[in-house]
Amino acid sequence: MENIEEYATLKALGASQAFVARIVLTQALICGALGSILGLLAVVPSIGYAKSLIPWIYTPWWLLLVMVMPSLAMCSLASIASVRSALTVEPGRVFRA
Amino acid sequence: MPNHFLGVEGASVSFGKREAQVRALRSVSQFFERGTLSLVMGPSGSGKTTLLSLLGCLLSPDEGTVFIEGIAVNGLSEAERTTVRQKKISFVFQAFRLFHSLSAIDNVALGFELRDAALPGRMEMARDLLVRFGLEDKLNKEPNELSPGEKQRVCNCTGFGRKSLPFF
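Chains as they are written, first to last, in this note's numbering: chain A, 1 to 97; chain B, 1001 to 1168.
The hints are simulated quantities; they were obtained by calculation from the structure and are not laboratory data.
Using N, Cα and C, we set each Cβ at its ideal position, and we do this for glycine too.
Hints are not guaranteed to be accurate.
Unchecked claim - Footprint (simulated), chain B over chain A, 3 or more residues, beta carbon under 8 angstroms:
{"#": "1", "stretch": "6-12"}
{"#": "2", "stretch": "15-26"}
Claimed, not checked - In silico DMTMM-like links for lysine to aspartate or glutamate, alpha-carbon gap of 20 angstroms or less:
{"#": "3", "chain 1": "B", "residue 1": "LYS1151", "chain 2": "A", "residue 2": "GLU90"}
{"#": "4", "chain 1": "B", "residue 1": "LYS1048", "chain 2": "A", "residue 2": "GLU90"}
{"#": "5", "chain 1": "B", "residue 1": "LYS1087", "chain 2": "B", "residue 2": "GLU1136"}
{"#": "6", "chain 1": "B", "residue 1": "LYS1088", "chain 2": "B", "residue 2": "ASP1116"}
{"#": "7", "chain 1": "B", "residue 1": "LYS1141", "chain 2": "B", "residue 2": "ASP1106"}
{"#": "8", "chain 1": "B", "residue 1": "LYS1017", "chain 2": "B", "residue 2": "ASP1062"}
{"#": "9", "chain 1": "B", "residue 1": "LYS1048", "chain 2": "B", "residue 2": "GLU1063"}
{"#": "10", "chain 1": "B", "residue 1": "LYS1151", "chain 2": "A", "residue 2": "GLU5"}
{"#": "11", "chain 1": "B", "residue 1": "LYS1087", "chain 2": "A", "residue 2": "GLU90"}
{"#": "12", "chain 1": "B", "residue 1": "LYS1138", "chain 2": "B", "residue 2": "GLU1124"}
{"#": "13", "chain 1": "B", "residue 1": "LYS1017", "chain 2": "A", "residue 2": "GLU6"}
{"#": "14", "chain 1": "B", "residue 1": "LYS1151", "chain 2": "B", "residue 2": "ASP1116"}
{"#": "15", "chain 1": "B", "residue 1": "LYS1048", "chain 2": "B", "residue 2": "ASP1062"}
{"#": "16", "chain 1": "B", "residue 1": "LYS1088", "chain 2": "B", "residue 2": "GLU1150"}
{"#": "17", "chain 1": "B", "residue 1": "LYS1141", "chain 2": "A", "residue 2": "GLU6"}
{"#": "18", "chain 1": "B", "residue 1": "LYS1088", "chain 2": "B", "residue 2": "GLU1069"}
{"#": "19", "chain 1": "B", "residue 1": "LYS1138", "chain 2": "B", "residue 2": "ASP1128"}
{"#": "20", "chain 1": "B", "residue 1": "LYS1048", "chain 2": "B", "residue 2": "GLU1009"}
I would like the entire structure built from these sequences, with the hints used as guidance.
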C-alpha cells in the first residue's frame, strides 16, 4: 500500500469506492496472472522430464488452467487488506504535503 | 444563508481524543460568493487547511454547516459527498498529487474520466489542454520526468479541465 496517497487523491477527485476497489483488485489479478504465467513456464518443461522418469504420469492440458485459478483466487483474497486500506483512506490527506 | 455559493457556518473541527485533542476550527463562519477570488491567509496552525478541507467536501465538521452551491453538504452520505467532489469541485494541489505511473496526458484524462466515465474524446481534450499550457512536448512524460513547474502546469490542466467551481 505504498500508493496510499494516490488513492487519497483519487477519492478527493471524486472516485467512487467501487472505482478504487476495482483498481486494487485489477492490480492483484494482473500480478496473479503474471505469476501464474511464470509458474507455468517453469512447470511445463518439467512435465516432460517427469514423464521420462515416471511414464504413467498423466497431465491433461486443462490441469494447467485449473492450477491458475487458485493463484488468481489467492491474489484476490490477499488484496482484501489493500482494498480495505484504499477504501478507508481519508481524502482530506491531499492538502497535507 | 443557504443561498450562499460556498461557505461554512458555525463550523468547529477537532482532531485527536481526550488530552491529545486539538481544536483546529472553533465556530467559524465564512462565505464566498460566486465569481470571486478569495485568499485564506493565516499563521501555521490557524486552521487554513482544515477550512479548505471542509469547503472541498473532504472533511465533515464536528459542529456547524458547510454549504456548497447553497446546499448543506455535511448531512450527506459519503457516497453523496463523493459525487459532490466529482461534479462540483476542482482542486489544484500544492504538492501536485500527480499519479506517478501515468503520463502527463493520462493524468489529465483521468480527471475527465473521474468526472464523467462516459465522456467521449477525453484524450483529445487532455491533449488540447496540455498544448494550451505549453506542454506539447511533454504529453507522454511521467511526472518524475517533469520539472516542478511542468508538474504544476499538468496539475493546473487537471483542475481547469474539470471546469467546475469552486476551485481550490
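Structure-based check of all given hints:
1. For the stretch 6-12 of chain A, the stated coverage by chain B is satisfied: 5 residues place a CB nearer than 8 angstroms to a CB of that chain, which reaches the threshold of 3.
2. By the rule of at least three residues with a Cβ nearer than 8 angstroms to a Cβ of chain B, the coverage given for the stretch 15-26 of chain A holds, with 4 such residues.
3. Taking the CA atoms of B/LYS1151 and A/GLU90, the gap is near 24 angstroms; set against the 20 angstroms cutoff, the hint is violated.
4. Under the criterion of a C-alpha separation no larger than 20 angstroms, the hint pairing B/LYS1048 with A/GLU90 is consistent with the structure, at around 18 angstroms.
5. Of the supplied pair hints, the one linking B/LYS1087 and B/GLU1136 is violated, its CA atoms being roughly 28 angstroms apart against a limit of 20 angstroms.
6. At most 20 angstroms may separate the alpha-carbon atoms for a hinted pair to count; B/LYS1088 and B/ASP1116 meet this at roughly 12 angstroms.
7. Taking the CA atoms of B/LYS1141 and B/ASP1106, the gap is about 10 angstroms. The hint holds against a cut of 20 angstroms.
8. Distance hint between B/LYS1017 and B/ASP1062 is fulfilled; the C-alpha atoms sit about 13 angstroms from each other, no more than 20 angstroms.
9. Simply put, B/LYS1048 and B/GLU1063 have alpha-carbon atoms about 17 angstroms apart, close enough for the 20 angstroms limit, and the pair holds.
10. For the proposed pair B/LYS1151 and A/GLU5, the alpha carbon gap of about 17 angstroms is at most 20 angstroms, so the pair holds.
11. For the hint pairing B/LYS1087 with A/GLU90, the CA-to-CA distance comes to about 19 angstroms; that is within 20 angstroms, so the pair holds.
12. Proposed proximity of B/LYS1138 and B/GLU1124 is supported: the alpha carbons are some 15 angstroms apart, at most 20 angstroms.
13. Between B/LYS1017 and A/GLU6, the direct Cα distance comes to roughly 27 angstroms. Violation of the 20 angstroms bound is thereby established for this hinted pair.
14. This hinted pair does not check out: B/LYS1151 and B/ASP1116 have alpha carbons roughly 23 angstroms apart, beyond 20 angstroms.
15. Annotation: proposed proximity of B/LYS1048 to B/ASP1062 holds, straight-line Cα distance about 16 angstroms (limit 20 angstroms).
16. Distance restraint check for B/LYS1088 and B/GLU1150: the Cα-Cα separation of roughly 26 angstroms exceeds the 20 angstroms cut-off, and the hinted pair is therefore not satisfied.
17. A hinted pair counts as satisfied when its Cα atoms are at most 20 angstroms apart, and B/LYS1141 with A/GLU6 qualifies at roughly 18 angstroms.
18. Among the hinted pairs, B/LYS1088 with B/GLU1069 is consistent with the structure: their alpha-carbon atoms are about 9 angstroms apart, no more than 20 angstroms.
19. Proposed proximity of B/LYS1138 and B/ASP1128 is supported: the alpha carbons are some 12 angstroms apart, at most 20 angstroms.
20. For a cut-off of 20 angstroms, the pair hint linking B/LYS1048 to B/GLU1009 stands: about 15 angstroms separates their Cα positions.
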